[in-house]
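J.: Spelled out from the first residue to the last, the chains are:
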Amino acid sequence: EDTVKVGVLHSLSGTMAISETSLRDILLFTFDEINAAGGVMGKKIEPVVVDGASDWPLFAEKAEQLLAQDKTAVTFGCWTSVSRKSVLPVYEKYNGLLFYPVQYEGEEMSPNIFYTAEAVNQQAIPAVDFLLEDGYKKFYLIGTDYVYPQTTNLVLFEYLLSKGIPVENIGGGLRKDADGEVISAGNYTPFGHSDFQQIVADIKKFSASGDACVINTINGDANVPFFKEFAASGLTSEDCPVVSFSLSEDEFRSLPAKDLVGHLGCWTYFMSNESEANKKFIADFQAWLQKTEVPGIVKENRVTCSPMVLSYNGVYLWKAAVEKAKSFEPEKVMAALKSGVSFDGPGGTVTSQSNHHLTKNVYIGETLENGQFSVIKSFDNVVGEPFLKGTFMKK
Amino acid sequence: MAVLYRDTDLTLSAEGVSKSFDGFKAINDLNFYLGDGELRTVIGPNGAGKSTFMDLITGRTTPDVGSLTFHQPDGHDVDLCKLREYQINRLGIARKFQTPSVYTQHTVRDNILLSLNRDRGVLRALFYSETQQDRDEIDEVLEIIRLGDRRDELAGSLSHGQKQWLEIGMLLAQKPRVLLVDEPAAGMSDEETERTGELLLSLEGKHSVVVVEHDMEFVRQIARKVTVLHQGHVLKEGSFDEVAGDPTVKEVYLGRQKHTDAA
Amino acid sequence: MTFFLLAAFVIIFPILSQMGMISSFQVGVWGKYLCYAVLAMSLNILWGYTGLLCLGQCLFFALGGYAFGMYLMLMIGEDPVYKTALPDFMDFQGYKELPWHWKPFYNPFFAVFAVVAVPGVVAFIFGALAFRSRIKGVYFSILTQALTYAATLLFFRNEFTFGGNNGFTDFKFIFGADIREESTTLALFVASGILLLVVYWGLAWLLKTKFGKVQRAIRDSENRVRFSGYSSTHYKVFIFVLSAIIAGLAGALYVPQAGIINPEEMKPSKGLDIVVWVAVGGRGTKFGPVIGAILISLLKSWSTRAFPEYWLIILGLVFVFVVLFMPDGIVGLFEKAKAYLRARKGGESDSGSSNIPVEAK
Amino acid sequence: MMTEPQLTLEGVQVSYDESLILRGVDISAPKNSVVSLLGRNGVGKTTALKSIMGIVPLTAGEITFEGNSLTGKNTEKRSRSGIGYVPQGRDIFPNLSVWENLKVSISVHGQAARDRLDEVYELFPVLAEMKERKGGVLSGGQQQQLAIGRALLTNPSLLILDEPTEGIQPSIIDQIEDAILHLKKTSEMTILLVEQYLDFAKSVSDHFYIMERGSVVERGEIALLSDELVAQYLSV
Amino acid sequence: MDQRLSKLSTRALLIQVILSTGESQTAAIDVIRERGEPIISEVVEAWRIGRISTLGEGEEVQVLIQVSEGQYEDLLTGSALTPSGEPKINRATRSLRKVLKRIVDLLDLKSPDMSKRIAAAEKLGLSQNEEYLPELRELVPKQSDKKVKAAFQEAVWISELKNGRIDEKISAVTSLGEVKSYPARDFIEALLKESREAKVERLDELEAVAEIALKKIDDHQKLVEVASTLVRGLSTGSVLLLVSYGLAITFGQMGVINMAHGEFIAIGGYTTYVVQNFFVGVFGVESAGFGWYFIAALPAAFVVSALCGAILEKGLIQFLYKRPLESLLATWGVSMVLQQVFRLWFGAANVAVASPEWLSGSYELAGISLSYNRISLIVFALIVVLVTWLLLAKTNWGLHVRATMQNRQMSSCLGVPSSRVNMLTFAFGSGLAGLAGAFLSQIGNVGPSMGQTYIVDSFMVVVVGGVGNLLGAALSSMGIGMLDQGLQPVLGPVMGKITVLFGIILFLQFKPGGLFAARSRSLDD
Ligand SMILES: Nc1ncnc2c1ncn2[C@@H]1O[C@H](COP(=O)(O)OP(=O)(O)OP(=O)(O)O)[C@@H](O)[C@H]1O
Ligand SMILES: Nc1ncnc2c1ncn2[C@@H]1O[C@H](COP(=O)(O)OP(=O)(O)OP(=O)(O)O)[C@@H](O)[C@H]1O
Ligand SMILES: CC(C)C[C@H](N)C(=O)O
Ligand SMILES: [Mg+2]
Ligand SMILES: [Mg+2]
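In the order they appear, the protein sequences are chains V, E, D, A and S.
Numbered according to the numbering used here, the first sequence spans residues 1 to 395.
Numbered according to the numbering used here, the second sequence spans residues 1 to 263.
Numbered according to the numbering used here, the third sequence spans residues 1 to 361.
Numbered according to the numbering used here, the fourth sequence spans residues 1 to 236.
Numbered according to the numbering used here, the fifth sequence spans residues 1 to 525.
Worth flagging that the hints you see were computed from the coordinates, not collected in a lab.
Any given hint could turn out to be false.
Mimicking DMTMM-like on lysine to aspartate or glutamate, the simulated pairs with C-alpha atoms at most 25 Å apart in a straight line are [as the list claims (entries may be wrong)]:
no. : chain 1 : residue 1 : chain 2 : residue 2
1   : S       : LYS98     : S       : GLU135
2   : D       : LYS286    : D       : GLU309
3   : V       : LYS204    : S       : GLU130
4   : D       : LYS83     : V       : GLU46
5   : S       : LYS322    : A       : ASP91
Quick list of the computed label-pair ranges, beta carbon to beta carbon [stated by the list, open to error]:
no. : chain 1 : residue 1 : chain 2 : residue 2 : range
6   : S       : LEU307    : V       : GLY135    : 40 to 46 Å
7   : S       : GLU357    : V       : GLY135    : 28 to 34 Å
8   : S       : LEU307    : E       : GLY23     : 54 to 60 Å
9   : D       : PHE9      : A       : ASP17     : 29 to 35 Å
10  : E       : GLY23     : D       : ALA339    : 53 to 59 Å
11  : S       : GLY361    : D       : LYS103    : 54 to 60 Å
12  : D       : ILE12     : V       : SER342    : 49 to 55 Å
13  : E       : ASP9      : D       : VAL198    : 50 to 56 Å
Coverage of chain S stretches by chain D, computed from C-beta distances (three or more under 8 Å per stretch; other residues unrestricted) [claimed, not checked]:
no. : segment
14  : 238-250
15  : 328-335
16  : 500-514
Idealized CB from N, CA, C, for every residue including glycine.
Let the hints inform the model, and build the full structure from the sequences given.
T.: So this is what it looks like as structure tokens:
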């Protein structure tokens with residue numbers, strides 16, 4: 001048998017499809033690219049694509065199907081943390097291997113999952129460092145009401161305090177428990193929230209005295225009404241820049257770019273990266289898009305972005321680890337990963353760490369009118385650290 | 001000549017009742033007393049408030065002012081305005097509606113079964129099992145309404161007149177103290193109307209009955225005391241002949257009385 | 001008859017699995033489907049037989065699931081990330097001790113009690129309010145949808161102490177058994193099967209009682225029922241609570257098999273899914289909901305793997321097809337076929353099969 | 001009466017679900033006459049009327065109106081071609097006001113209908129009094145009057161009345177009777193009447209048909225409606 | 001100062017700023033600071049959004065401003081030009097932009113555009129930069145317009161809070177209190193705090209006036225807050241109204257439980273997107289013509305959705321009038337199909353719809369900020385209500401709709417063309433949904449599942465209003481919108497929304513048939 005089955009587990013329908021379909025696309029591209037170059041240890045990759053349909057129990061079921069029925073050697077998939085959490089027990093039960101490519105709140109390290117994702121210290125912390133350096137003194141926290149934004153903002157809250165920012169300069173509201181300990185920082189909206197009038201009015205007040213910025217962990221398409229409202233209220237990035245963690249080039253395709261010019265993003269890859277590797281990567285991907293026949297893949301105006309590249313890197317890291325371990329056995333592959341394998345990806349070199357995360361470069365970028373980022377600062381070889389909560393507390 | 005008014009105890013009395021809808025007085029200072037075992041006929045022009053009055057008694061609507069009292073045999077008086085429909089029904093006041101209303105998705109037999117005068121609480125319904133007596137009662141009713149041969153058909157597939165009969169059967173099955181019968185003869189042939197009349201007459205004495213009808217022949221057949229409602233108020237009360245001879249009643253209601261005269 | 005078919009299935013399936021003819025994965029999947037079937041039945045007694053279209057049935061399912069999930073979370077012990085007795089998400093959200101309302105859930109009996117009580121009480125309060133004020137028809141439906149929507153938002157909140165968006169996952173033990181063992185999977189399947197049979201039988205019994213008749217009478221003409229001396233409110237509250245409890249039980253058994261419970265499970269769209277199961281299978285039929293839930297889930301499971309890009313279209317067209325050509329669902333089609341065979345001697349039986357209104361022809 | 005029939009039913013069959021309700025009904029109503037259709041409860045009178053309106057589909061037979069077959073014409077076309085219908089059970093539009101109920105007819109049938117309005121108000125003064133009230137809250141008899149008025153406004157050449165006197169007070173029944181006789185005299189209208197109120201039927205009709213279990217069993221001029229026939233087919 | 005530089009024209013200076021780096025750039029900026037020509041802000045803005053590009057290399061280099069797609073102007077001469085090669089976009093660095101922004105703000109102080117002057121004064125005042133104070137002071141008396149003057153004066157006072165002498169501070173605080181300056185609030189509070197904490201020399205008088213001023217501002221702010229909340233409530237209500245009005249017809253009037261309503265909204269959104277792209281193709285993004293795309297999109301969205309509605313009615317819904325509950329199942333299926341069709345056609349990602357210029361920005365009225373798209377939303381909602389009402393209440397068609405919906409069979413018996421009425425009504429309702437989609441594209445997402453966001457809300461609005469009652473739907477959407485916005489400041493968006501939902505549940509306890517319940521005497525309604 002000269003093929004190896006590989007699972008692709010993303011939502012192609014439902015609310016998360018807006019983000020996840022692009023990851024399916026890039027994965028299929030990567031497989032084709034690897035197969036064209038001779039496959040993995042001589043075996044061609046045979047993708048098994050399933051639709052998790054933004055339905056978390058279905059994710060678990062599909063994961064089990066991939067492992068138990070299709071006997072895939074590895075799975076690339078999941079976007080939301082909850083989907084990852086729902087499949088985690090399945091991978092542990094079958095001792096499988098999952099590559100998770102999207103920035104997340106951390107606080108997790110399953111023996112069966114490899115996180116190519118940005119940890120909080122590879123995205124939120126560098127972004128705040130940059131803002132502090134740039135002279136911003138007031139920080140408004142806003143996010144979607146669930147685990148990732150809440151956790152990230154709590155970490156940032158601690159971090160900002162540790163950097164000497166007074167509490168009153170952290171906007172969005174605080175909630176404390178009975179002992180007076182802060183348990184939530186920031187202003188939160190439900191998923192799919194569409195009415196940001198009040199919040200933007202609040203931000204306008206907050207930023208009136210200058211030197212203020214917004215830290216945005218709103219997830220998914222609620223960003224569109226947020227930025228539309230933000231722009232409509234007359235605020236610009238010079239007055240009060242917004243740094244977002246869930247908006248990549250791919251999301252910009254659906255945002256009116258002119259409302260976003262000058263706002264900031266922080267990722268471990270930008271499409272505008274000048275490296276040769278990246279240029280080739282983009283060109284190959286575009287060429288692949290034109291000739292692929294998978295239904296529902298949009299061919300025009302496609303871009304690449306960090307989650308896509310982290311998916312791409314994941315596949316190559318897996319390939320490298322398989323070749324290092326000389327086995328498709330998930331356990332051995334994971335051991336090889338933990339021992340540290342590297343890949344020169346489009347966003348620079350990434351190296352796997354023993355804590356199941358990656359060492360990678362982090363870039364701060366500024367949004368351009370064409371939906372691209374221009375890099376304004378980079379941090380090289382940042383070591384991914386999933387457990388951050390509490391580490392900045394002085395007292 | 002039938003006895004017009006037997007000096008019996010009352011079962012139902014309405015005093016000073018008014019009810020208006022968006023300013024329109026459907027019932028206007030109505031006083032009405034129903035004796036125990038009495039058969040009363042109520043007539044009156046379309047829109048006089050006859051059905052509305054029944055609505056008030058059965059709890060479908062509540063009066064704006066006035067009192068509605070049910071006099072129980074044990075001497076207790078119950079204020080009907082405070083009760084919900086099912087509570088009023090459980091006191092023993094049952095009604096046939098002007099447009100036939102039956103359980104269309106149930107068989108004819110089940111329509112009767114559900115109307116039997118048994119404990120109608122939730123738990124009893126769960127652990128209810130049919131007794132021989134129930135079966136007999138059902139058969140008896142089916143016999144009276146002559147739907148025995150259609151007992152297992154869905155009530156929804158009956159014709160208009162058959163539904164009328166079925167609803168009368170449901171009324172009988174409840175064995176109520178007071179029967180309110182709104183236009184029982186509508187849609188029935190003359191023969192059947194007469195039979196309905198006989199049926200109602202046979203209830204007299206055992207049950208109090210209020211019948212609303214426009215069919216004067218029928219009214220004449222069953223009439224004891226007749227009440228004429230007009231514009232929500234009692235216009236006249238008395239024997240059939242007294243009422244039918246009244247010029248106002250003639251004017252607002254009977255018209256030239258061709259058919260009644262002929263009979 | 002259908003009961004014995006179901007019973008046979010529930011018995012034979014595990015035997016086949018023991019013989020290695022069915023994978024443990026399949027057992028797990030079918031175990032979930034059985035729970036779905038129970039859930040569908042719980043809606044059917046409300047909608048099919050009482051005419052109360054509840055769009056929030058998923059709420060009761062999820063509440064049962066959450067109640068049992070709390071127990072499962074506590075049973076994880078000190079194993080995963082933080083190595084404390086608290087569930088991980090609590091460490092994660094900075095709790096120092098277990099909130100009071102979590103404590104009794106160490107006791108499995110309490111958990112089972114809560115599985116029944118929580119959905120029951122919620123249904124009772126909501127039902128008593130709604131039915132007393134005679135909310136009915138679509139008003140009732142939309143209200144139940146509002147209720148489940150509000151609950152979803154509430155459960156999404158981190159501070160609601162139920163894990164927010166991520167909900168409960170990574171269960172390890174159930175009644176002392178390792179949840180990942182195949183034998184546990186099988187046991188859960190059997191438990192779901194038994195629940196299904198009991199509910200199926202119970203509902204069949206219920207329908208035959210006078211209660212069942214009153215129920216259907218309420219569906220046809222609730223006012224008439226009231227004027228016949230029945231308190232339709234009491235009946236409706238009773239059936240609503242019963243249905244919620246059944247849904248809760250289904251949810252409780254579902255959660256250990258699905259391995260996750262989170263607020264997504266009570267989203268209004270889930271409530272609609274259940275309605276669709278019932279409608280496709282045959283509303284107001286005993287077997288319809290079971291077959292509808294299982295077939296649709298199977299179709300979804302199969303098509304998301306076989307046609308990941310097209311499955312929504314396939315499923316959507318199936319619904320449209322069912323409505324147009326099987327007005328009484330799959331079961332209705334069988335009934336029609338049976339009736340047709342019976343009546344064939346009677347010559348051309350008219351187009352009655354597709355209730356296409358006359359004026360539209 | 002030698003005029004050609006305004007309406008004929010030939011061998012009309014109708015069935016609900018599996019059971020045959022009309023088993024070949026033949027009726028013919030001469031122009032400008034009043035024809036009564038009589039029969040016990042459940043024999044299929046209403047069903048026959050519905051089949052004329054096209055509300056229930058025929059399984060066999062043919063209906064001809066003014067010389068044209070109605071087959072294939074939907075209800076709406078039948079109404080427009082001049083058939084007015086007062087159904088059993090009234091079928092008032094409950095949330096339209098009385099005036100709007102009438103206006104539905106006017107809006108379809110135009111000026112001719114508007115001309116009739118005064119006539120209708122004269123016949124049923126209550127409709128003028130209660131113009132603004134919602135149809136659904138009227139009393140039973142008032143609704144019946146509204147239903148008749150509404151049908152008259154469609155300016156029909158064939159008026160179908162299903163138990164029009166049901167629930168109506170005696171004085172107004174008299175007026176309806178007068179109105180029917182008047183219409184017969186002053187217009188070309190043909191009336192097909194289903195009625196349980198025999199005296200009424202007798203006094204307005206020219207012809208009668210008696211139905212029994214889905215078929216017509218007797219027919220003739222109204223004068224021929226003998227007590228024997230009544231006893232045989234109309235009593236229990 | 002560099003003599004050579006000051007001889008250069010402003011345009012040439014700008015070119016130097018753009019092309020050079022380091023010292024020579026700084027020098028050029030210093031000179032530009034002295035100039036007051038509007039071209040500076042034009043160029044800076046163009047630079048910010050990536051409209052400045054260079055052509056050629058070395059000595060030959062030309063700096064171009066992009067006027068619109070493919071159209072350039074030579075910066076040096078200001079004349080239009082068709083580039084001979086591919087112009088290379090030149091971008092300002094972030095820090096440079098910040099510096100230039102300040103210059104532009106200063107420049108704007110003298111801009112002929114009033115709103116620019118106001119904005120600049122506001123901004124410079126808030127920066128409390130000592131350097132700007134003299135200029136601001138100097139400019140106050142030169143302002144002829146009252147509003148502008150007030151803005152300049154306020155800016156001066158705010159700046160004085162930090163940079164003035166103590167007596168100036170006190171009078172500034174007092175004056176700011178008088179004009180109830182909102183932006184000053186935090187500064188005054190900071191001043192107060194500073195004074196209180198500085199134990200050595202407490203400035204009692206300053207503290208006293210600061211307290212008074214704060215109170216005045218706060219009181220005023222409360223008023224403004226209430227008014228703003230009202231406006232926001234209106235606008236939220238208008239969104240609800242738009243998304244639910246189509247449903248009030250298809251569901252409320254026709255009884256079709258239309259789960260595909262949301263997808264009709266999406267059809268409207270996508271139509272807008274397509275029209276936008278068409279306009280971009282024909283006119284280019286920059287052209288004046290593009291701004292009109294939205295005007296064209298409105299009827300297009302209506303027509304396309306209405307057509308789809310008509311097809312759906314003819315192909316499916318018409319068979320279900322006797323089985324309304326089944327319409328739920330069928331339309332749910334349709335909704336799934338449509339969503340996936342959107343994904344396959346337009347991609348799974350949302351698509352971008354830009355607001356035309358005239359819908360962006362906002363208008364300030366007595367401290368209440370009214371953004372143009374929200375205002376037009378409210379106006380538009382009003383129009384929709386009016387037109388719908390006129391159609392349904394005043395036309396024969398409306399009468400037929402209502403008659404048909406109440407009793408299909410009977411209306412046919414009276415000659416109402418019921419199947420055509422059905423189709424048109426459904427199409428109209430769907431068209432309204434499409435219109436809503438077009439409008440939503442201006443404030444939210446356009447994507448395959450955009451409709452799902454609104455479907456729960458839409459049904460709620462219709463039910464709270466009383467099924468079948470259009471006025472009820474209008475009132476209930478406004479009510480829910482107000483309640484939502486009223487609660488948000490107190491409870492936050494999530495708890496606010498939850499409270500609204502429970503509020504609705506409670507409301508229906510008292511009004512089980514909605515605001516305007518249809519009353520009926522029939523036993524089985
Ligand atoms: N809910 C209501 N809203 C408005 N008006 C009402 C309502 N209920 C009854 N009415 C009015 O009250 C009057 C009395 O109606 P009711 O049905 O009691 O008359 P009735 O005497 O039974 O007449 P009929 O002999 O025609 O049945 C009518 O004019 C009717 O329109
Ligand atoms: N919707 C239906 N489904 C099934 N059977 C029906 C339906 N409607 C009527 N029938 C049956 O058809 C037969 C004829 O009914 P129809 O209504 O025509 O009688 P009718 O002569 O008008 O009686 P009535 O004088 O009581 O109005 C009845 O036996 C009835 O049971
Ligand atoms: C922020 C999101 C894009 C992904 C994140 N991991 C989540 O929890 O859903
Ligand atoms: Mg009446
Ligand atoms: Mg009839």
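J.: Hint by hint, note whether the structure agrees.
T.: Comparing the hints with the structure gives:
no. : hint                            : result
1   : LYS98/S - GLU135/S              : 20 Å, holds
2   : LYS286/D - GLU309/D             : 34 Å, violated
3   : LYS204/V - GLU130/S             : 24 Å, holds
4   : LYS83/D - GLU46/V               : 39 Å, violated
5   : LYS322/S - ASP91/A              : 16 Å, holds
6   : LEU307/S - GLY135/V: 40 to 46 Å : 55 Å, violated
7   : GLU357/S - GLY135/V: 28 to 34 Å : 32 Å, holds
8   : LEU307/S - GLY23/E: 54 to 60 Å  : 46 Å, violated
9   : PHE9/D - ASP17/A: 29 to 35 Å    : 33 Å, holds
10  : GLY23/E - ALA339/D: 53 to 59 Å  : 54 Å, holds
11  : GLY361/S - LYS103/D: 54 to 60 Å : 56 Å, holds
12  : ILE12/D - SER342/V: 49 to 55 Å  : 54 Å, holds
13  : ASP9/E - VAL198/D: 50 to 56 Å   : 54 Å, holds
14  : 238-250                         : violated (count 0)
15  : 328-335                         : holds (count 7)
16  : 500-514                         : holds (count 10)
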